[in-house]
Amino acid sequence: MVPELGHLALILALLIALVQAVFPLAGSLSGNRPWMAMARPLAYGQLTMIAIAFAALTQAFLTSDFSVLYVAENSNSLLPTIYKFSAVWGGHEGSLLLWVLFMACWGAAVAALSRNLPLTVMSRVISVQGMITVGFLLFMLLTSNPFERLFPVPQEGRDLNPLLQDPGLAIHPPMLYMGYVGFSVAFAFALAALIGGRLDAAWARWSRPWTTVAWIFLTIGIMLGSWWSYYELGWGGWWFWDPVENASLMPWLVGTALIHSLAVTEKRGAFKSWTVLLAICAFSLSLLGTFLVRSGVLTSVHAFATDPARGMFILLFLCVVVGGSLALYAWRAPEVSEGGRFDLLSRETSLLANNLLFVAFTVLVLFGTLAPLIYEAFDWGKISVGFPWFNKMFLALAPFMAILLGVGPAVRWKHDEPMRLLRTLWWALALSILVLVVSYLPAFSSGHLWVPVGLALAAWLVLAHVAVVLERLKNKGGLARMGPALLADLRGGGRSFYGMVIAHLGVAVFVVGVTMVSNFQHEEDVRLSPNASYELAGYRFEFLGAEAVPGPNYMAQRGHFKVYRGDRQIANLFPEKRAYLGGGMPMTEAAIDPGLFRDVYVSMGEAVGDKGDWAVRLYYKPFVRWIWLGAILMALGGVVTVSDPRYRMARAPARRPATSSAGGTSAATA
Amino acid sequence: MAMSKSVRYLIPLVVFAALAGLLVWGLGQDPREVPSPLIGKPVPTFSLPTLEDPNRAFTDADLRGKVSLVNVWASWCSACRAEHQSLMALSEMPGFQLIGLNWKDDAADAKQVLAISGDPYTMVGYDPDNKVGIDWGVYGAPETFVVDRQGIIRYKQIGPIDRKAWEEKLQPLLEKLNAEG
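Quick note, the sequences are listed as chains A and B, same order.
The first sequence begins at 1 in the numbering used here and counts up one residue at a time.
The second sequence begins at 1 in the numbering used here and counts up one residue at a time.
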């Protein structure tokens, strides 16, 4: 009964979405206020219906109702309760439901928080969101109904994919989806602006906080995915350039470019049509990511449900949404004026360069991801785009990004003098070069050229931002009263500036992590007999043997390792190899002794021989946590930025922008 | 830049149309059954050193007279490691020889993997520079080619050999090839 209610709620949600897609937009074009006024109630109704459907599916999981096909395929009565809950989005149908739930949440949030938005804009935004929701709901109801019944009812469910039975993966997809779907708001704002022909700074100001929030979720989502694959897949890597990972990275890269480009459009009225294009691309790449993961066009370790028929539907949908919006762009964008002239040395130029680098990297990742397909389509046959290729591309672009990232915030809008810039940054530059030289000395370096480069770039990022902050504070009342000036700044409109600084420092932390772990990690495959030891990077791993330990829905072989540093025991590690009763490949549960400066990591390979020997992999991972810490800082920077009073959408009346010259976030102007 | 302004704004649409065309085409292909142009053709002639002994040659002649599974793998390839245990089980089965093609790898790393986790292969060719891989149309590791007694490639499995692939594709095919005699 409850699943049927859920199904009904989905059908009602589709009807609401249809009305939502048509009437507010039609009203905004014909000036019919009652139709426009329907937008808000429709958005709330949409959320209510989908929340009911989601609750119904959750209930089916929690009560192990195996008469529902999706539950029978993705759950099991032995599954721990927390995973019964996360199993709701553990498969294809449920993850779509989660997607539309978030879509509805964002729609309702726009409706609730946009009191000061002109009614025409708000109704267009809600309509565009309705159109996207129609597509997803049709997709679900026609090809992937999560409430489909199963008869005869099986005694037991097939179990959740063991890879997903993990706290990291319980929250990773929701975060990622919040990000993906969040870009639909920026997309809807862009389309609304194109429809209305009003691409102005007000539009950029309205889009900015939404875009930033979506970007924060996506950043955290990607970070969780990386962290999860690090400890769960048992290979000790943190990024694999796997198609599914790339699918989440591409919207992030374009989203990052978008955030920066929006800043220019808001402050200087420049790059308007470019910004719109980025907004369209960010969401299109989110959709493309979904398509790639769901259709089976590319195989991947992460793709857990692939089906060409579904792929066809998503592709059609993709063509309608992306093709339609790009056609609209081709039609309306030429009328947009490109305001705001600027000189070669200016904040605008540096942000443009930033955008180009991010877009170039996105194109490379897109090419690399689709390369097998492209090569096959043209019958070029020979292809080796893999891990090393992506790394090479990343290393080719990353140093330029980092150098630019230090310069950008220090440059003034519109026009700047090279000498002034040098006066601000000279000591940061000098110290970074010092770091480069010192870390290149044989005493510190171990012959890896990338180590000094990476460390110097990180130092440059940190020092350049320190210089920028100091200059801002100097202008706000002198260095003597730095403390009070900083506090006042944080209470006032300075938060978006400090948010930017925090996010950029996150990049520095990330760079340190990547540099150190790539160049100084050690890993070793060894065969260990019980009570044997092995030494790696100054740590001694003593293997005490492995024993069988039953889990709730699996049987584990649990190894016991003592890790010594010198004579001191620093950790007891219990890595596991699990065979799930539901079948499938055995799972590796790595055991990690985490630390801010190093992780010690053990994962069980397989039992060898009959004397209790095991093939195990031992890892020493210096600074690996900094990679995720960097991502957390970036997200935190986003949070601080969004908390800036300038973006309190609900209350503050929209200032007349564009003409107001660069105030606020620029360090140099003041 | 003689391009008129409005034409410039069409570029994104055109790029997307090309991409969509590619994806439509790609959808028609099952990625696990990419019809390798080599299927039904004899294996390309080649000569490689073996992993164990650089002085010993491994050639296409080694693939004649016996049904062979040629497994492309590398020590850096995580999916290959996941597949390794199934390969160990396969190596005990009669009716075919399991040949390794160590691809874009470092010999020392590859040897260490085999030394620790066990060596399922009758013979391992060492192809660090993708010489043979290119001729065979290898996309990535792991991939497994089924070669019949006449040295003709009959099937290519992309991705690890899991239970489904084994039961539905490889095992029936191997039985058929052995029956063909």
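Since the hints were derived computationally from the structure, they do not count as laboratory data.
For every residue, glycine included, the Cβ atom is placed at its ideal position computed from N, Cα and C.
You may find that some hints are simply not true.
[Unchecked claim] Calculated pairs, DSSO-like style, for lysine-lysine (alpha carbon to alpha carbon, straight line, at most 27 Å): (1) 392/A - 131/B; (2) 104/B - 176/B; (3) 111/B - 176/B; (4) 66/B - 164/B; (5) 611/A - 562/A; (6) 611/A - 111/B; (7) 392/A - 41/B; (8) 476/A - 414/A; (9) 41/B - 176/B.
[As the list claims (entries may be wrong)] Simulated DEER-style distance windows between Cβ atoms: (10) 595/A - 40/B: 25 to 33 Å; (11) 94/B - 607/A: 20 to 28 Å; (12) 93/B - 392/A: 27 to 35 Å.
Here is what the structure says about each hint:
no. : hint                     : result
1   : 392/A - 131/B            : 21 Å, holds
2   : 104/B - 176/B            : 32 Å, violated
3   : 111/B - 176/B            : 33 Å, violated
4   : 66/B - 164/B             : 24 Å, holds
5   : 611/A - 562/A            : 20 Å, holds
6   : 611/A - 111/B            : 23 Å, holds
7   : 392/A - 41/B             : 36 Å, violated
8   : 476/A - 414/A            : 21 Å, holds
9   : 41/B - 176/B             : 18 Å, holds
10  : 595/A - 40/B: 25 to 33 Å : 56 Å, violated
11  : 94/B - 607/A: 20 to 28 Å : 24 Å, holds
12  : 93/B - 392/A: 27 to 35 Å : 41 Å, violated
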